[in-house]
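So you can see what is in the structure, the chains are spelled out below.
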Amino acid sequence: GAGVSQTPSNKVTEKGKYVELRCDPISGHTALYWYRQSLGQGPEFLIYFQGTGAADDSGLPNDRFFAVRPEGSVSTLKIQRTERGDSAVYLCASSPTAGAHTDTQYFGPGTRLTVL
Amino acid sequence: QQQVKQSPQSLIVQKGGISIINCAYENTAFDYFPWYQQFPGKGPALLIAIRPDVSEKKEGRFTISFNKSAKQFSLHIMDSQPGDSATYFCAASGNNFNKFYFGSGTKLNVKP
Chain B
21 GAGVSQTPSN
31 KVTEKGKYVE
41 LRCDPISGHT
51 ALYWYRQSLG
61 QGPEFLIYFQ
71 GTGAADDSGL
81 PNDRFFAVRP
91 EGSVSTLKIQ
101 RTERGDSAVY
111 LCASSPTAGA
121 HTDTQYFGPG
131 TRLTVL
Chain A
10 QQQVKQSPQS
20 LIVQKGGISI
30 INCAYENTAF
40 DYFPWYQQFP
50 GKGPALLIAI
60 RPDVSEKKEG
70 RFTISFNKSA
80 KQFSLHIMDS
90 QPGDSATYFC
100 AASGNNFNKF
110 YFGSGTKLNV
120 KP
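From first to last, the protein sequence lines stand for chains B and A. Residue 100 in our numbering is what sits at position 80 of the first sequence, and the numbering runs on without skipping anything. Residue 46 in our numbering is what sits at position 37 of the second sequence, and the numbering runs on without skipping anything.
No wet-lab data here; the hints were simulated from the structure. Among the hints, a few may not be true.
With a straight-line Cα cutoff of 25 Å, these simulated SDA-like cross-link-like pairs (lysine to any residue) come out [unchecked claim]:
1. K51/A / G36/B
2. K66/A / S115/B
3. K66/A / A79/A
4. K120/A / L59/B
5. K14/A / K31/B
6. K51/A / Q61/B
7. K66/A / P116/B
8. K14/A / P81/B
9. K116/A / S107/B
10. K31/B / P49/A
Simulated restraints, written as ranges between beta carbons of each label pair [said to hold, decoys possible]:
11. A38/A / G92/B: 24 to 34 Å
12. N104/A / L136/B: 38 to 48 Å
13. G23/B / P91/A: 17 to 27 Å
14. T117/B / N36/A: 38 to 48 Å
15. R104/B / D62/A: 37 to 47 Å
Glycine is no exception: its CB is placed at the ideal position from the N, C-alpha and C atoms.
All chains should be modelled from the sequences, with the hints used to inform the complete structure.
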């Protein structure tokens, strides 16, 4: 079985542009997480989906960031009016059971976003 | 406030030596403490995890030591190998949380 996949692997954009980052979780995993990892730092929580709904979006830094998971599988992280400070690796993770936050989280390879 | 503090930032160990990475946490409601290993260009992968009802957990060459009263836990890598060279992250979570709180990472370099 395939692991978590993320596309694109790299994204270079200009300040002010809109970007979408895609995550394909492991099939059947109910819980999906987005994290942001800046250079030399640990992953920082952005948002958690339980099925189709965002159960916790407290980590989204501002209203330029938005994420969806319309059918409970694939998720898209959307960033409007990108800023240079948004440059980071965006990681997606999935786990088998919604609501059990001590489950192993399986991470994708990440999307490296560079805002020029 | 950083929930999980990790040290050292980087570590160089000779092949066959013991690598030790330390973490401290603030919130006593945490009840799950995993360690993740990350290679360049890859996502983090679970290495080993512990719950506070035990003081030590061992899996192969990897051991977690847990000190509940001190709110500290550490990863010990015995007989370190060059293939262990990676960045290691401690984390904390629990059933009252919707996320993992990660430490800032330790870059381990095992010299052959």
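How the hints compare with the structure:
1. K51/A / G36/B: With a Cα-Cα distance of about 28 Å, the restraint between K51/A and G36/B is violated, given a limit of 25 Å.
2. K66/A / S115/B: It holds: about 22 Å lies between the C-alpha atoms, which stays within 25 Å.
3. K66/A / A79/A: holds (17 Å)
4. K120/A / L59/B: With Cα atoms ~24 Å apart, K120/A and L59/B stay inside 25 Å; holds.
5. K14/A / K31/B: violated (31 Å)
6. K51/A / Q61/B: holds (14 Å)
7. K66/A / P116/B: holds (23 Å)
8. K14/A / P81/B: Cα-Cα ~21 Å, so holds.
9. K116/A / S107/B: holds (21 Å)
10. K31/B / P49/A: Within the cut-off at roughly 17 Å; holds.
11. A38/A / G92/B: 24 to 34 Å: This hint holds: roughly 29 Å between Cβ atoms.
12. N104/A / L136/B: 38 to 48 Å: holds (42 Å)
13. G23/B / P91/A: 17 to 27 Å: At roughly 25 Å between Cβ atoms, P91/A and G23/B fall inside 17 to 27 Å, so the hint holds.
14. T117/B / N36/A: 38 to 48 Å: violated (22 Å)
15. R104/B / D62/A: 37 to 47 Å: holds (46 Å)
Against the hints set out earlier in the document, violations occur for numbers 1, 5 and 14.
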